[in-house]
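Those protein sequences? They're chains S and D, same order as listed.
At position 156 of the first sequence (counting the first as 1) the number is 156 in the working numbering, and the numbers step up by one without a gap.
At position 227 of the second sequence (counting the first as 1) the number is 227 in the working numbering, and the numbers step up by one without a gap.
Treat each hint with caution, since some may be false.
Stated by the list, open to error - Using 25 Å as the maximum straight-line C-alpha spacing, the simulated SDA-like pairs for lysine to any residue come out as follows:
1. S:Lys6 x D:Glu75
2. D:Lys184 x D:Asp70
3. D:Lys6 x S:Asn367
4. D:Lys257 x S:Asn367
5. S:Lys17 x D:Pro133
6. S:Lys6 x D:Arg111
7. D:Lys257 x S:Ser401
8. S:Lys231 x S:Leu207
9. S:Lys221 x S:Tyr195
10. D:Lys5 x S:Ile97
11. D:Lys383 x S:Asn148
12. S:Lys117 x S:Leu198
13. D:Lys152 x S:Gln342
14. S:Lys221 x S:Leu260
15. D:Lys73 x S:Asn108
16. S:Lys378 x D:Gly154
17. S:Lys5 x D:Ala302
18. D:Lys422 x D:Gln400
19. D:Lys199 x D:Gln163
20. D:Lys17 x S:Val93
21. S:Lys326 x S:Asn367
22. D:Lys430 x S:Asn148
23. S:Lys6 x D:Leu60
24. D:Lys197 x D:Ala168
25. D:Lys6 x S:Ile356
26. D:Lys199 x D:Ile226
27. D:Lys9 x S:Arg74
28. S:Lys99 x D:Arg111
FYI, nobody ran anything at the bench for these hints, they're computed from the structure.
Residues per chain are reported as follows:
There are 2 protein chains.
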Amino acid sequence: MALSKKPYKGCRDLFPKEKREQNFLFDTMHLAAKQFGYEPYDGPMLEEVELYRAKSGQELINDQIYSFTDRGKREVAIRPEMTPTVARMVAGVHREIPKPIRWYSIPNLMRYERPQKGRLREHWQFNVDIFGPDSIYHEIEILQVAINLFNKFGANENQFGIQINNRAFVDFFFNKTLGLDQDKAYALYKLVDRYTKLKPEAFEEQLNEIGLNNEGSEQFKKYLDIDSIDKFKSFAGEISFSSEKWDFENFFTTLEKLNLLNYVEFNASIVRGLDYYTGLVFEIFDKHPENRRALCGGGAYAGLMSIFGEEKLPGVGFGLGDVTLKDFLEVHNLMPDFSTPQHDLYVAAEDDNLEIDILNLSTNLRNLGLNICHHTAKAKFKKIIQAAAKSGSGAVGILQSHENQTQIKIKNLNNNTTETFKLSESEKIKLFILEK
Amino acid sequence: MALSKKPYKGCRDLFPKEKREQNFLFDTMHLAAKQFGYEPYDGPMLEEVELYRAKSGQELINDQIYSFTDRGKREVAIRPEMTPTVARMVAGVHREIPKPIRWYSIPNLMRYERPQKGRLREHWQFNVDIFGPDSIYHEIEILQVAINLFNKFGANENQFGIQINNRAFVDFFFNKTLGLDQDKAYALYKLVDRYTKLKPEAFEEQLNEIGLNNEGSEQFKKYLDIDSIDKFKSFAGEISFSSEKWDFENFFTTLEKLNLLNYVEFNASIVRGLDYYTGLVFEIFDKHPENRRALCGGGAYAGLMSIFGEEKLPGVGFGLGDVTLKDFLEVHNLMPDFSTPQHDLYVAAEDDNLEIDILNLSTNLRNLGLNICHHTAKAKFKKIIQAAAKSGSGAVGILQSHENQTQIKIKNLNNNTTETFKLSESEKIKLFILEK
Numbered sequence: 001m002a003l004s005k006k007p008y009k010g011c012r013d014l015f016p017k018e019k020r021e022q023n024f025l026f027d028t029m030h031l032a033a034k035q036f037g038y039e040p041y042d043g044p045m046l047e048e049v050e051l052y053r054a055k056s057g058q059e060l061i062n063d064q065i066y067s068f069t070d071r072g073k074r075e076v077a078i079r080p081e082m083t084p085t086v087a088r089m090v091a092g093v094h095r096e097i098p099k100p101i102r103w104y105s106i107p108n109l110m111r112y113e114r115p116q117k118g119r120l121r122e123h124w125q126f127n128v129d130i131f132g133p134d135s136i137y138h139e140i141e142i143l144q145v146a147i148n149l150f151n152k153f154g155a156n157e158n159q160f161g162i163q164i165n166n167r168a169f170v171d172f173f174f175n176k177t178l179g180l181d182q183d184k185a186y187a188l189y190k191l192v193d194r195y196t197k198l199k200p201e202a203f204e205e206q207l208n209e210i211g212l213n214n215e216g217s218e219q220f221k222k223y224l225d226i227d228s229i230d231k232f233k234s235f236a237g238e239i240s241f242s243s244e245k246w247d248f249e250n251f252f253t254t255l256e257k258l259n260l261l262n263y264v265e266f267n268a269s270i271v272r273g274l275d276y277y278t279g280l281v282f283e284i285f286d287k288h289p290e291n292r293r294a295l296c297g298g299g300a301y302a303g304l305m306s307i308f309g310e311e312k313l314p315g316v317g318f319g320l321g322d323v324t325l326k327d328f329l330e331v332h333n334l335m336p337d338f339s340t341p342q343h344d345l346y347v348a349a350e351d352d353n354l355e356i357d358i359l360n361l362s363t364n365l366r367n368l369g370l371n372i373c374h375h376t377a378k379a380k381f382k383k384i385i386q387a388a389a390k391s392g393s394g395a396v397g398i399l400q401s402h403e404n405q406t407q408i409k410i411k412n413l414n415n416n417t418t419e420t421f422k423l424s425e426s427e428k429i430k431l432f433i434l435e436k
Numbered sequence: 001m002a003l004s005k006k007p008y009k010g011c012r013d014l015f016p017k018e019k020r021e022q023n024f025l026f027d028t029m030h031l032a033a034k035q036f037g038y039e040p041y042d043g044p045m046l047e048e049v050e051l052y053r054a055k056s057g058q059e060l061i062n063d064q065i066y067s068f069t070d071r072g073k074r075e076v077a078i079r080p081e082m083t084p085t086v087a088r089m090v091a092g093v094h095r096e097i098p099k100p101i102r103w104y105s106i107p108n109l110m111r112y113e114r115p116q117k118g119r120l121r122e123h124w125q126f127n128v129d130i131f132g133p134d135s136i137y138h139e140i141e142i143l144q145v146a147i148n149l150f151n152k153f154g155a156n157e158n159q160f161g162i163q164i165n166n167r168a169f170v171d172f173f174f175n176k177t178l179g180l181d182q183d184k185a186y187a188l189y190k191l192v193d194r195y196t197k198l199k200p201e202a203f204e205e206q207l208n209e210i211g212l213n214n215e216g217s218e219q220f221k222k223y224l225d226i227d228s229i230d231k232f233k234s235f236a237g238e239i240s241f242s243s244e245k246w247d248f249e250n251f252f253t254t255l256e257k258l259n260l261l262n263y264v265e266f267n268a269s270i271v272r273g274l275d276y277y278t279g280l281v282f283e284i285f286d287k288h289p290e291n292r293r294a295l296c297g298g299g300a301y302a303g304l305m306s307i308f309g310e311e312k313l314p315g316v317g318f319g320l321g322d323v324t325l326k327d328f329l330e331v332h333n334l335m336p337d338f339s340t341p342q343h344d345l346y347v348a349a350e351d352d353n354l355e356i357d358i359l360n361l362s363t364n365l366r367n368l369g370l371n372i373c374h375h376t377a378k379a380k381f382k383k384i385i386q387a388a389a390k391s392g393s394g395a396v397g398i399l400q401s402h403e404n405q406t407q408i409k410i411k412n413l414n415n416n417t418t419e420t421f422k423l424s425e426s427e428k429i430k431l432f433i434l435e436k
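The following block holds chain S by itself, in its conformation from the complex (with noise of 0.2 Å):
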């Protein structure tokens, strides 16, 4: 039985538009990384299981992660996400390294998904980080990276957004001013992470569950309605949180005079699920009707390097996929149009035993920089017109047999000019290639 041509499930086959266009957003990627000093790093696509399950316990092996057990009896994982491994790498070297710790890196993950819209199982994943004493500046700085790559995309703030809260304020609202023990807290925290997708009865009996008083019940309900910065600081002062946990105050102000506030929303509903945060959480938002939804998180981690037995390195960082970047560009015509490669020349051959000839031109002119598609087997001239417009090279050149020598005709398809040349003559044919 012939075998299937299909990818496996959740992944995809990129063939050559598909993977230009996601060249096109790692380019894009290492120049917005590059542009704050963040420096390049990769890791394993295996982890032992142990990574994750100190990191986000047990849960996520069981639902999520890609795991089996290794020849040698090593229960391993391939890689659902980067951070464990950062921190494992950070852990190692933050020693040696001055601080702060700037990195980025474009893995591909996998997670065991229902494959869906923005949802697949295998994605490539921006993600930034940075490793330093605690400081909002460095919390602003990865919100900047953010922003400068969406800017760079041509996005700007009609288009996305980004919502915030901290879980510095979470932790002390629930710890300190509604008194509750760990386990309400987590219970707590859960049903924040699940608020939006519940309908109104089931988020009152789930509140019920927890059972907290009737001030309580109360304020957590004020909480969940701070949706601005204003309401946030207002709140913040009833509660007494205190600038110590987070310098809120500077934090805005700063993104003010940095022209960056117009991007920012408070949302009190965003904790990112029950994970390592403990300062700002953060998500990414599409504005556009249609693709009304998260785009990417991120958020401050203070306790990673704690598994790893290494005094606590706080960072900061965020994970941006690609599946959900190119949907966002796509629905906002951001996407430019790669359906055809970028040949300078596509070379061939109207008479008989000029293969000889092609294959030297074409070296000459890959020696002077040019990318060159040839075709050694003879063709009809209107054949090689046509397979040079599909191959998108900017010129066609055709050799011919002239007076015992051979000659190339070329035609440059930017400008529509035809020139024939020597084959001696390489930098003049570079020349009239290039012209616009």
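Dock chain D against the given chain S, drawing on the hints supplied.
Same frame as chain S, now just chain D:
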């Protein structure tokens, strides 16, 4: 107990220096492939095990593949090589696209290896394939792309060479000349593949087991002695190997006219295992006395489409791993120094309350295309200079409060000149920073 900070066995943590080195390899690969009109593609990290079983047999799966059963009871494997994936993808689309199809990729692959020098469990592999009608020009082009890549790194024919053989020739010799049945031919292929690793006695013993007659044994030993193109041609003549099966005269003449024959040696012991090759097979090898080993291999294969129920579409390709390539470049001193990043400017402040100025100036300079590493925490002059040097920046800028205005003093570290600017003069600052 604290978790390990080491990567999974046989995998690498690529810290910024190592990742910059790898990016240099990747960038050069992209360039080399694009110069020949090759288009990028990629496929899934996981494939169904059936794909590798159909192509390479159960042996590879038992010994070398990371395979497991997913939650949907599918038997899957982490890709150990890219050829099955590219064949699957081409099988799905080849009817709709012009031939030849020229594709390349740089995927990360996993094999269950015993880690040793130049051989890890995870590596990235440059894969280049051309699909289209059977043609010696496609075989030659693949050799050209490989040679072009090595030349781009600065390597020449004194540093690397290509050993070739042809499976159509070996098949002809085994089947027609020696008259072997399938089992015996298979056993003899295995013996050739192990030839250079076996001691003479072991070789004789295994040859006896196969049971060639005296004349056959003599001919086989003569075959193994072929180590030059002349010897090959003479042997091909003796056994009446027909150029219909491989147009070798034209193949070698073309290589000669392209000045590439100096890279090529004939080596009868190269058969590329029991793999799917049907025509040219080759290995690129390092000529350095301390690293004399195969760097990469490839060849021509005609039958891969059949496992997908598709008509014949011959292909030629090669795969080159990043680990072996890096070893090659290092032993020949061809790896540039990537120990420090390359920022354009490191900027910090000596005085208090200049964070906003630092951030705004950095943004303005980034908008002009510069890569800026900023430091918001106030620091002493000497510390700033040290940090800038470590960051590998081309210039260091120090903000100072001066008569109620903020100014920036910049030292260009390329030409050791220093100048002071107003913060508004970002265009002037850019020009000064980029001066050599």
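Taking the hints in turn, this is what the structure says about them:
A C-alpha spacing of about 15 Å is found between S:Lys6 and D:Glu75, which places the hinted pair at or below 25 Å, so the restraint holds. A hinted pair counts as satisfied when its Cα atoms are at most 25 Å apart, and D:Lys184 with D:Asp70 does not qualify at roughly 39 Å. For the hint linking D:Lys6 to S:Asn367, the alpha-carbon distance of about 43 Å lies beyond 25 Å, and the restraint is violated. Proximity of D:Lys257 to S:Asn367 is assessed by CA-CA distance (about 17 Å); at most 25 Å being required, the pair is judged to hold.
A threshold of 25 Å between alpha carbons decides the hint, and for S:Lys17 with D:Pro133 the separation of about 23 Å falls inside it, so the pair holds. Simply put, S:Lys6 and D:Arg111 have alpha-carbon atoms about 23 Å apart, close enough for the 25 Å limit, and the pair holds. Between D:Lys257 and S:Ser401, the direct Cα distance comes to roughly 18 Å. Compliance with the 25 Å bound is thereby established for this hinted pair. With a CA separation close to 22 Å, the supplied pair S:Lys231 and S:Leu207 stays within the 25 Å bound.
A C-alpha spacing of about 11 Å is found between S:Lys221 and S:Tyr195, which places the hinted pair at or below 25 Å, so the restraint holds. The hinted pair formed by D:Lys5 and S:Ile97 meets the criterion: a straight-line CA distance of about 16 Å does not exceed 25 Å. Between the alpha carbons of D:Lys383 and S:Asn148 the distance comes to roughly 29 Å, so the proposed pair goes past 25 Å and is violated. Proposed proximity of S:Lys117 and S:Leu198 is supported: the alpha carbons are some 21 Å apart, at most 25 Å.
About 21 Å separates the Cα atoms of D:Lys152 and S:Gln342, which keeps this hinted pair within 25 Å; it holds. Note on S:Lys221 and S:Leu260: the hinted pairing is violated, with a Cα-Cα distance of about 29 Å set against a maximum of 25 Å. For the hint pairing D:Lys73 with S:Asn108, the CA-to-CA distance comes to about 23 Å; that is within 25 Å, so the pair holds. Of the supplied pair hints, the one linking S:Lys378 and D:Gly154 is violated, its CA atoms being roughly 34 Å apart against a limit of 25 Å.
A C-alpha spacing of about 18 Å is found between S:Lys5 and D:Ala302, which places the hinted pair at or below 25 Å, so the restraint holds. Among the hinted pairs, D:Lys422 with D:Gln400 is consistent with the structure: their alpha-carbon atoms are about 10 Å apart, no more than 25 Å. For the given pair, D:Lys199 sits about 22 Å from D:Gln163 by alpha-carbon distance, which is consistent with the 25 Å threshold. For the hint linking D:Lys17 to S:Val93, the alpha-carbon distance of about 13 Å falls within 25 Å, and the restraint holds.
Of the pairs offered as hints, the one joining S:Lys326 and S:Asn367 is violated, with about 35 Å between alpha carbons and a cut-off of 25 Å exceeded. Restraint check for D:Lys430 and S:Asn148: satisfied, since their Cα atoms lie roughly 19 Å apart, inside the 25 Å limit. With a C-alpha separation of about 22 Å, the suggested pair S:Lys6 and D:Leu60 falls inside the 25 Å cut-off, and the hint holds. Using a Cα cut-off of 25 Å, the hinted pair D:Lys197 and D:Ala168 holds, with the two alpha carbons roughly 24 Å apart.
Among the hinted pairs, D:Lys6 with S:Ile356 is inconsistent with the structure: their alpha-carbon atoms are about 53 Å apart, more than 25 Å. For a cut-off of 25 Å, the pair hint linking D:Lys199 to D:Ile226 stands: about 19 Å separates their Cα positions. Under the criterion of a C-alpha separation no larger than 25 Å, the hint pairing D:Lys9 with S:Arg74 is consistent with the structure, at around 10 Å. A threshold of 25 Å between alpha carbons decides the hint, and for S:Lys99 with D:Arg111 the separation of about 36 Å lies outside it, so the pair is violated.
Of the numbered hints stated above, those contradicted by the structure are hints 2, 3, 11, 14, 16, 21, 25 and 28, listed in ascending order.
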